[in-house]
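**Student:** The lines below spell out each chain.
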Amino acid sequence: MEGHSTLKAFGRVTAIVLIGILFLFPLYWMITMSFKPQSEWNPIGKTIWWPQNPTLDNYKQVLGLTNQNTQFFQASSTDATQPIIHSFIAAGGGTILALVAGVLAAYGIARFRAGGKMLPFQILQLRMFPPVAIIIPLLIMLAYIHLFDTFWGLWLVYGAVTFAFVVWLMRSFFQELPREIGEAAIVDGCSQWGAFFKAVLPNVKGGLAATALFVFILNWSDFVIALVLTTDKTTTAPVFLNSLQSAAAGQEYGPQAALGLILILPPAILGLAIQRYLVRGLTFGAIKR
Amino acid sequence: MEAQADIPARQVPPKRRLRGSTALGGRSEKGIAQLLITPGQLLLLFLVGFPAGVAIYISFTDYTATTNYPWYDAYKGWIWFDNYWEALSSGGFWSAIWRTVIVTVLAVGIEFALGLILAFLFLKEFRARGIVMIVFLLPMMVVPAVAGFIFYMIFQTDGPLNAALSFFLDTVLGLTGPINIGWLSDPGIAIYSVTMADIWQWTPLMFLIFLSGLVALPEDQLNQARILGAGFWHQLRYLILPMMKPIILIALIIRTIEVFKIFDSAWLLTRGGPGDATTTISVYLYRQINENYRYGYASAAAIIVLIIVSIFAIRAIRPIEAAQEETFDELITSEEFTGGLSVEEAIAVESRV
Numbered sequence: 021m022e023g024h025s026t027l028k029a030f031g032r033v034t035a036i037v038l039i040g041i042l043f044l045f046p047l048y049w050m051i052t053m054s055f056k057p058q059s060e061w062n063p064i065g066k067t068i069w070w071p072q073n074p075t076l077d078n079y080k081q082v083l084g085l086t087n088q089n090t091q092f093f094q095a096s097s098t099d100a101t102q103p104i105i106h107s108f109i110a111a112g113g114g115t116i117l118a119l120v121a122g123v124l125a126a127y128g129i130a131r132f133r134a135g136g137k138m139l140p141f142q143i144l145q146l147r148m149f150p151p152v153a154i155i156i157p158l159l160i161m162l163a164y165i166h167l168f169d170t171f172w173g174l175w176l177v178y179g180a181v182t183f184a185f186v187v188w189l190m191r192s193f194f195q196e197l198p199r200e201i202g203e204a205a206i207v208d209g210c211s212q213w214g215a216f217f218k219a220v221l222p223n224v225k226g227g228l229a230a231t232a233l234f235v236f237i238l239n240w241s242d243f244v245i246a247l248v249l250t251t252d253k254t255t256t257a258p259v260f261l262n263s264l265q266s267a268a269a270g271q272e273y274g275p276q277a278a279l280g281l282i283l284i285l286p287p288a289i290l291g292l293a294i295q296r297y298l299v300r301g302l303t304f305g306a307i308k309r
Numbered sequence: 027m028e029a030q031a032d033i034p035a036r037q038v039p040p041k042r043r044l045r046g047s048t049a050l051g052g053r054s055e056k057g058i059a060q061l062l063i064t065p066g067q068l069l070l071l072f073l074v075g076f077p078a079g080v081a082i083y084i085s086f087t088d089y090t091a092t093t094n095y096p097w098y099d100a101y102k103g104w105i106w107f108d109n110y111w112e113a114l115s116s117g118g119f120w121s122a123i124w125r126t127v128i129v130t131v132l133a134v135g136i137e138f139a140l141g142l143i144l145a146f147l148f149l150k151e152f153r154a155r156g157i158v159m160i161v162f163l164l165p166m167m168v169v170p171a172v173a174g175f176i177f178y179m180i181f182q183t184d185g186p187l188n189a190a191l192s193f194f195l196d197t198v199l200g201l202t203g204p205i206n207i208g209w210l211s212d213p214g215i216a217i218y219s220v221t222m223a224d225i226w227q228w229t230p231l232m233f234l235i236f237l238s239g240l241v242a243l244p245e246d247q248l249n250q251a252r253i254l255g256a257g258f259w260h261q262l263r264y265l266i267l268p269m270m271k272p273i274i275l276i277a278l279i280i281r282t283i284e285v286f287k288i289f290d291s292a293w294l295l296t297r298g299g300p301g302d303a304t305t306t307i308s309v310y311l312y313r314q315i316n317e318n319y320r321y322g323y324a325s326a327a328a329i330i331v332l333i334i335v336s337i338f339a340i341r342a343i344r345p346i347e348a349a350q351e352e353t354f355d356e357l358i359t360s361e362e363f364t365g366g367l368s369v370e371e372a373i374a375v376e377s378r379v
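Protein chains in written order, with the working numbering: chain A, 21 to 309; chain B, 27 to 379.
Next up, chain A with everything else stripped away, as it sits in the complex (with noise of 0.2 Å):
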């Protein structure tokens, strides 16, 4: 018996291990790509397990402090300082447009069942759409109030789309809150909106920190929207991302890698700072652990 199950442990580590591997792989690749220069991208023939002669070329063309004339790219730039700050703006903007609208919408569900029953369900609908489907539109539209490629345009559209996460998110953290918090504030005096300010939304704190870190990495993620919606005044990191992949003269690998550690830094710091809510954000609250 007792043999029995140092053996199964030892098989419960083993496998842990092997997985962990693989999913840890691919992470592992793009970081030391980021610190190989160029004769140890792609060789043909071999694999560079491990940076030979590591360096940070990478990170500095990235982040714009060398000049840019590199092997493949003599006239098109790797700077992508632009492309990170229009990234930061874009995300912000649209995480407090959602939050705003949502937090407002999600207290007004929770609490008076406004909009009706159905509200809500219509809200979740728009998430299922595939952003594609509804682009055309939006591009079309955007380009008539001349909004096309600038922050608004993104805020908007960030913002819209969202705020379904907002609502369902913090109609979660409302739902648990005891109704008495809020009605014990207008016994004592407030008005509705004192009840919201001074009791209600004080008592969701942590709820609204992780629903606005979790909408940021939601809105930092995103590439397709800015994809379609930017040209260069308000391109995002990814599309710049994107567009070093196409390049046609070949590939960036190493600044693309370095953009790619710059890129996942906020979300992954971000997102184990709210890992006790990562899930609840990812099922809309279904799932509450």
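One thing to keep in mind: the hints can contain errors.
[As the list claims (entries may be wrong)] Just so you have them, the derived chain A footprint on chain B, three or more residues with Cβ under 8 Å:
no., segment
1, 104-117
2, 149-162
3, 230-237
4, 272-281
5, 310-319
[Stated by the list, open to error] Computed Cβ-Cβ distance ranges for the label pairs, DEER-style:
no., chain 1, residue 1, chain 2, residue 2, range
6, B, Leu191, A, Trp172, 42 to 52 Å
7, B, Phe338, A, Val207, 44 to 54 Å
8, B, Phe194, A, Trp70, 17 to 27 Å
9, B, Gly208, A, Leu38, 18 to 28 Å
10, B, Trp259, A, Val207, 55 to 65 Å
11, A, Leu27, B, Pro244, 25 to 35 Å
[What the hints assert, rightly or not] Away from chain A, derived, C-beta distances all over 10 Å, residues of chain B:
no., residue
12, Gln60
13, Thr92
14, Gly135
15, Ile205
16, Gly208
17, Ser211
Please keep in mind that the hints were generated in silico from the structure rather than gathered at the bench.
C-beta: ideal position from N, C-alpha, C; glycine also.
Go by the hints and put chain B onto chain A.
**Tutor:** Chain B only, in chain A's frame:
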């Protein structure tokens, strides 16, 4: 803000009646409710209302990006349902749908199995579990476009995946010659490579969901079953899976929705190619916009997709809503989800099989 001031405290009815809209005077509550959802409604009007109108309008015309009149004059090229007929009778459209279905079924199925296995592996406490967990959380936080790029490197014919396979299968085991699989260039394989990238990224979500479900299972019932001699597979089949049914359902639905939309990683991996071997429905629509500039046709195709998705969506939303209404614990311990069977009865069923 409005009529609150003139409601004296003593008029607040007892707690029991506070539910619904009667508590503080129906009128003002309705007003507040409306006010609360107005910004959201405006946002949705912007995202849905107006665009839906434009899309429907354009879909009846032969409007393209290069048409030399503005979109509101698109009626000049009015062609009724021609775009719809074209999409419905187009091989490209249906194969894109079919490919999307294949990717969705494969990805969701494998993510489910792998996620469940991982959840069982992590169920028992072990040293450094928390840190090891993070390894499995990371893929989820990778920007999907970046994930596409990572796998683009890995799947190169002279890339690390083939090198590793060659090493194990050829150098170590001597079973094969050097491996030169065209992960991205072979039309028959590329679609599975796209699927693999999604599996890598989203198995962790399934894993987390199932782990939270397993942890929440009532220990007593499982112990009781063990004492009564139920083996692992029987416990799994007659106790664990039935009790986890609601969250399994939610996990499957949410992943199905997301995989069906797959675009970012697919686009960076293969751009829909070789040929259209990895052109899923989102990629198909994007190529119509970006390569053919046929806004009218793409709108019609998009509307057909939206109708298909909506049919699924109506069914899919129920379990998510149900989980929101009840708390999770009530859900998994409620009679309904164990099929109304007690542990003894469940095992009795098992012994009959």
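**Student:** Confirm or reject each hint.
**Tutor:** Evaluated hints:
no.	hint	in the structure
1	104-117	violated (count 0)
2	149-162	holds (count 6)
3	230-237	holds (count 4)
4	272-281	holds (count 4)
5	310-319	holds (count 4)
6	Leu191/B x Trp172/A: 42 to 52 Å	holds (49 Å)
7	Phe338/B x Val207/A: 44 to 54 Å	holds (46 Å)
8	Phe194/B x Trp70/A: 17 to 27 Å	holds (18 Å)
9	Gly208/B x Leu38/A: 18 to 28 Å	holds (26 Å)
10	Trp259/B x Val207/A: 55 to 65 Å	holds (57 Å)
11	Leu27/A x Pro244/B: 25 to 35 Å	holds (29 Å)
12	Gln60	violated (7 Å)
13	Thr92	holds (14 Å)
14	Gly135	holds (17 Å)
15	Ile205	holds (12 Å)
16	Gly208	holds (15 Å)
17	Ser211	holds (14 Å)
Checked against the numbered hints given earlier, this structure breaks hints 1, 12; the rest are met.
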